Amino acid sequence: MSADTMFIVLRFGLAVAIIAVGLFAYWLFNQRLLGRAQNQALALVGVLPNKPMIVYFTTPDCAPCKTIQRPALSKLMSLTGDSVQVVEIDATQRPDLAKRWGVMSVPTTFLLDARGEARYVNNGVTRVEKLMEQLQTFSDFEI
Amino acid sequence: MTSQTLQKVDHSALKANQLFIISLNIIAFILGLPVIAAFVALMMGIGSALKTPGFGFIYKSILKPQGWMKPDVLDDNPEPHRFAQFVGFLFMTGGSVALFAGSAVLGWTLVWIVVALAALNAFGGFCVGCAMYYWFARLNVPGFGKQPPVGTFPGMKPKAGANV
Chain F
1 MSADTMFIVL
11 RFGLAVAIIA
21 VGLFAYWLFN
31 QRLLGRAQNQ
41 ALALVGVLPN
51 KPMIVYFTTP
61 DCAPCKTIQR
71 PALSKLMSLT
81 GDSVQVVEID
91 ATQRPDLAKR
101 WGVMSVPTTF
111 LLDARGEARY
121 VNNGVTRVEK
131 LMEQLQTFSD
141 FEI
Chain V
1 MTSQTLQKVD
11 HSALKANQLF
21 IISLNIIAFI
31 LGLPVIAAFV
41 ALMMGIGSAL
51 KTPGFGFIYK
61 SILKPQGWMK
71 PDVLDDNPEP
81 HRFAQFVGFL
91 FMTGGSVALF
101 AGSAVLGWTL
111 VWIVVALAAL
121 NAFGGFCVGC
131 AMYYWFARLN
141 VPGFGKQPPV
151 GTFPGMKPKA
161 GANV
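Those sequence lines, one after another, are chains F and V.
Counting from 1, position 50 in the first sequence corresponds to residue 50 in the working numbering; the numbering is continuous, with no gaps.
Counting from 1, position 21 in the second sequence corresponds to residue 21 in the working numbering; the numbering is continuous, with no gaps.
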């Protein structure tokens with residue numbers, strides 16, 4: 001291996017390591033959000049107990065929410081039937097809830113299992129395939 | 001927070017700019033080419049002078065027309081974002097000068113700080129330069145007159161509709 005190639009490989013490794021540290025910090029941030037979301041579901045009005053839930057924070061003028069996130073959730077609902085409940089929260093109408101859940105931007109989706117334990121948080125647009133993948137890791141999820 | 005006139009700011013253009021800054025700087029680091037970092041600094045400087053995102057022209061001419069990125073227009077203050085880009089430009093210029101002067105550690109550290117802050121903005125929705133701007137405004141520093149949109153934490157991306 002030439003010195004130039006070695007240099008690039010080392011730099012690449014270093015760049016990957018730095019990015020990994022950043023991703024780890026992001027993971028820690030998400031863990032903090034999930035920690036805040038624990039037991040918050042019970043405070044939501046109209047929530048059915050013992051049923052997996054997606055808590056979806058949005059706002060009226062959020063373009064990606066309208067064009068991508070809401071259609072993705074609609075599709076998910078059609079695929080899962082009544083196996084999952086989706087709770088949509090307008091962060092402009094309920095800033096108290098957005099603050100309590102630690103929502104920093106929209107769309108944000110939290111996935112909670114049937115016991116009300118927050119298992120995943122997605123900051124930004126999340127496609128139906130990923131939501132489905134996350135739901136399928138729930139032991140209590142059945143279509 | 002007082003009432004104020006907000007403008008339409010396309011956050012997708014800002015995000016595209018940040019993604020180019022991140023990508024080019026990482027490529028510069030891996031290949032050990034300070035000239036790429038200097039190019040990023042130059043583009044950010046031009047962007048600051050023209051009051052537009054440095055790589056925003058790529059978004060406008062390619063990414064948006066092709067439908068690869070959808071507009072995300074929010075009511076926001078453009079000034080803090082310009083200030084953030086200017087701060088990034090200063091860091092990139094400092095980093096590039098250090099790299100050409102032979103101070104690799106200092107130079108790449110400054111470049112990686114820009115990468116980290118751009119990533120925080122692009123993926124986390126938090127603009128540190130904007131937060132700095134609003135902090136200066138709170139301290140009544142001349143030239144920093146805007147307040148964050150109502151209901152928005154200083155530096156955070158506004159929740160659409162929160163201020164209309």
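Hint data in this document are derived by calculation from the structure and do not stem from the laboratory.
There may be inaccurate statements among the hints.
[Said to hold, decoys possible] Distance ranges between label pairs, derived from CB positions:
1. F:A20 to V:L33: 21 to 27 Å
2. F:D96 to V:N140: 28 to 34 Å
3. F:S2 to V:S103: 43 to 49 Å
Just so we're clear, the structure is a prediction, and the values are computed from it rather than from any experiment.
The C-beta atom is built at its ideal place from N, Cα and C for all residues, glycine as well.
Right, here's what the structure says about each hint:
1. Checked against the hint of 21 to 27 Å, the C-beta distance between A20 of chain F and L33 of chain V comes to roughly 23 Å, which is consistent with it.
2. For D96 of chain F and N140 of chain V, the hinted distance range of 28 to 34 Å is satisfied, since their beta carbons lie about 31 Å from each other.
3. For the pair S2 of chain F and S103 of chain V, the beta carbons lie near 26 Å from each other, so the given range of 43 to 49 Å is not met.
Hint 3 alone, counting from the list given before, is not met by this structure.
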